[in-house]
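Asker: These protein sequence lines map, in sequence, to chains H and R.
FYI, the numbering for the first sequence is 1 to 367, going by the working numbering.
FYI, the numbering for the second sequence is 368 to 616, going by the working numbering.
Treat the hints loosely; a few may be bogus.
[Stated by the list, open to error] Footprint (simulated), chain H over chain R, 3 or more residues, beta carbon under 8 Å: (1) 461-467; (2) 577-590.
[Stated by the list, open to error] Not everything, but these chain H residues come out facing chain R in the computed CB check (under 7 Å): (3) PRO131; (4) ASN135; (5) ILE137; (6) GLY179; (7) PHE240.
[As the list claims (entries may be wrong)] Here are the simulated distance ranges between beta carbons: (8) H:PRO238 to R:VAL464: 27 to 37 Å; (9) H:ILE355 to R:VAL606: 21 to 31 Å; (10) H:PHE207 to R:ALA468: 27 to 37 Å; (11) R:ALA468 to H:GLY302: 30 to 40 Å; (12) R:VAL382 to H:LEU346: 34 to 44 Å.
By construction, these hints were calculated from the structure, which means they are not laboratory data.
For each residue, glycine too, the CB sits at the ideal point set by N, CA and C.
Here is how the chains run, residue by residue.
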Amino acid sequence: MISRPSIRARSAVVIALVGFVVGACGPSSATSSPSASAPIAPSVSGSVAPSSVGPSSVAPGGSPVAASLTVGLGYIASVQFAPFYLAQQAGYYKAEGLTVTFQNKIDPDLVALVGQGSIDLGLSDGTSVIPAVSNAIPIRYLTTIYRQFPSIVFGKASSGIKTAADLKGKKIGIPGKYGSSWIMLQALLASVNLKTDDVTIVEYPDFGQGAAVAQGAVDAATGFVNNEPIQLQRSGTPTFILHVDDVTPLPGPGLIASTATIAAKHDAIGGFVRATLRAMDDIIADPAKGVDASIAVEPTLGQDRALQTAILNATIEAWKASGGNDTLGVIDRTSWQKSLDFMTTLGLVPNPVTIDDLVVEDFVKAS
Amino acid sequence: MNRAAVGSVVASFAVFVIAWKLVVLVGGYPPFILPSPEVVGQRFVRAWADGIIEPHALATLVEIGLGFTVGAGTGLLVGYALARSALVERIISPYVVAAQATPILALAPLLALWFGPGLISKVVICGLIVFFPIAVSTMVGVRSVDRGLLELARSFRATRRQVLTTLEIPGALPSILGGMRVGVTLAVVGAIVGEWAGADRGLGVLVNLARGSLFDIPLMFATLATIAMVGIALYLVVVFAERRLVGVR
Chain H
1 MISRPSIRAR SAVVIALVGF VVGACGPSSA TSSPSASAPI APSVSGSVAP
51 SSVGPSSVAP GGSPVAASLT VGLGYIASVQ FAPFYLAQQA GYYKAEGLTV
101 TFQNKIDPDL VALVGQGSID LGLSDGTSVI PAVSNAIPIR YLTTIYRQFP
151 SIVFGKASSG IKTAADLKGK KIGIPGKYGS SWIMLQALLA SVNLKTDDVT
201 IVEYPDFGQG AAVAQGAVDA ATGFVNNEPI QLQRSGTPTF ILHVDDVTPL
251 PGPGLIASTA TIAAKHDAIG GFVRATLRAM DDIIADPAKG VDASIAVEPT
301 LGQDRALQTA ILNATIEAWK ASGGNDTLGV IDRTSWQKSL DFMTTLGLVP
351 NPVTIDDLVV EDFVKAS
Chain R
368 MNRAAVGSVV ASFAVFVIAW KLVVLVGGYP PFILPSPEVV GQRFVRAWAD
418 GIIEPHALAT LVEIGLGFTV GAGTGLLVGY ALARSALVER IISPYVVAAQ
468 ATPILALAPL LALWFGPGLI SKVVICGLIV FFPIAVSTMV GVRSVDRGLL
518 ELARSFRATR RQVLTTLEIP GALPSILGGM RVGVTLAVVG AIVGEWAGAD
568 RGLGVLVNLA RGSLFDIPLM FATLATIAMV GIALYLVVVF AERRLVGVR
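Pulled out of the complex, with its shape left as it was, chain H reads as follows (with noise of 0.2 Å):
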């Protein structure tokens, strides 16, 4: 591993030779990217430095230090993120000997930024994670937070709509062919042998399909199943769910962290794990408790308690989806793989990868 004075030196060079900064790397970059592709270290924290070995490292002067991480949630402060609030609250973190800082914004870089280094640990779709890897970006899955993928494709009860099957000629509203949303769309198409061709999709880049939906715009439309149809059912509005899960599993929204990161700071995750995981099945036996960590963090959450409840019991169904409080953190390399295959018909893996290079399954049980 490359030691920052020489790093530093190494930037000073490129800013004298040159005469210009690249703002966009920064020197967190500088630091960490050519540490990014070293190899993960064994599970065993022996071979790293002691300073970034873990939770507990010792300070000169014989105190224990915490081992600090950054960990970015990809989204502005909501319910769904109540598990990582509570562990912080009711100090699970700091049981493990971890100083946590989470970064609750949207970040549409957030997986380029953990690939780089800057950020420790951050929350993405497994469906993310394949073309990040697939184009060299060193990142790796470390446990899922939402056994079953949360986007879905809903509408009114009364479209008739009730199979993928319905879905043939009807009018779907997307925000736009890209993402997570697009590829679940196509691959619930799939399952019933049809095509993008064979429905009328309507984009709606500023993402108004849940309102369309509402509106009658749109027969259907993709969404989050903690989000849009919630809505809809709470305007008294019947509605149906379709989950891709059921046709092809596809790996949802995780822990992930950069290859380098899990080398330098491998206990540290698996206690950052083990806390957040203790705090999931706190809120899988108690959802008030969620609510409570979320209003904590954001007040105006408490302005309808009611719909933030609705949003955290969703949220926990897509967490449990058909396993029970044991399967939490799982990842299913079952879904991976079909995943992975379907994501290279479509011709999202621009190179070869294989389930090892996605995910690392040294902080939860195999499945």
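Based on the hints, put chain R in the right spot on chain H.
Answerer: Structure of chain R alone, referenced to chain H:
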């Protein structure tokens, strides 16, 4: 352009590419942070050959063309009115300045909401950003026309149209074309900002797709290079028109 000028352009481009390559080599940056120029060059060629960039580039060009036409047309009319009427200047200029002072990035989502995610919102955003430099340059240009010549024309009982076509337009043209140089490059910015506020096609959309969905950073750089080329090409068109109309400046 003579041989020396072409040589200096080629040399400056070569220096840029070499500096870029040095940054990658010395900094040891992986391709997902800063791809090397040859990687971007190969991706650029492949993306055009595969037809990935073309439909997005065409969509952006249409937005730029319409947005520039609307923005420049309105800017010319308003700029002339501002130059010739103190009342119009008093009434309109606060709104013109306010429109320019409000960040287009903040306005774009609102305009997309009002005009929808289709072509119209892009044309409006593009037009808004183009409008100010052309309105101001037109106003300055028309006001700079020699007052003595204007009085001479009036003494010969020249009609308003004759004054406009023989004195004001030729006199203001250098300034107007200067504003158009700025406006045409801002039109590219306006189209991309409009696409980021909501679109399903365009070079701005492709930048976001390559960055956040495909994780194809060389494609993102290839798209940025295309955007830069579009800007340079349009700027050169205005420079060419300027040289034909008012000579080398």
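Asker: Each hint needs a verdict: does it hold in this structure or not?
Answerer: Each hint tested on the structure:
1. Closer than 8 Å: that is the beta-carbon criterion, and the region 461-467 of chain R has 0 residues meeting it against chain H, so the requirement of 3 is violated.
2. By the rule of at least three residues with a Cβ nearer than 8 Å to a Cβ of chain H, the coverage given for the region 577-590 of chain R holds, with 7 such residues.
3. Below 7 Å, beta-carbon pairs count as interface contacts, and PRO131 (chain H) has one with chain R at about 5 Å; its hint therefore holds.
4. Checking ASN135 (chain H) against chain R: minimum C-beta separation of about 4 Å stays under 7 Å; hint holds.
5. Given the 7 Å rule on beta carbons, the hint for ILE137 (chain H) holds: about 5 Å separates it from the nearest Cβ of chain R.
6. For the restraint placing GLY179 (chain H) at the interface with chain R, the shortest Cβ-Cβ distance is roughly 5 Å, inside the 7 Å limit, so the hint holds.
7. Checking PHE240 (chain H) against chain R: minimum C-beta separation of about 26 Å lies over 7 Å; hint violated.
8. The hinted window of 27 to 37 Å between PRO238 (chain H) and VAL464 (chain R) is violated, with their beta carbons roughly 53 Å apart.
9. Take ILE355 (chain H) and VAL606 (chain R): their Cβ atoms lie about 55 Å apart, and the range 21 to 31 Å is violated.
10. For the pair PHE207 (chain H) and ALA468 (chain R), the beta carbons lie near 29 Å from each other, so the given range of 27 to 37 Å is met.
11. Distance hint check for ALA468 (chain R) and GLY302 (chain H): the Cβ-Cβ separation is about 37 Å, which falls inside the suggested range of 30 to 40 Å.
12. For VAL382 (chain R) and LEU346 (chain H), the hinted distance range of 34 to 44 Å is satisfied, since their beta carbons lie about 41 Å from each other.
The structure fails hints 1, 7, 8, 9 (numbered hints given earlier, in ascending order).
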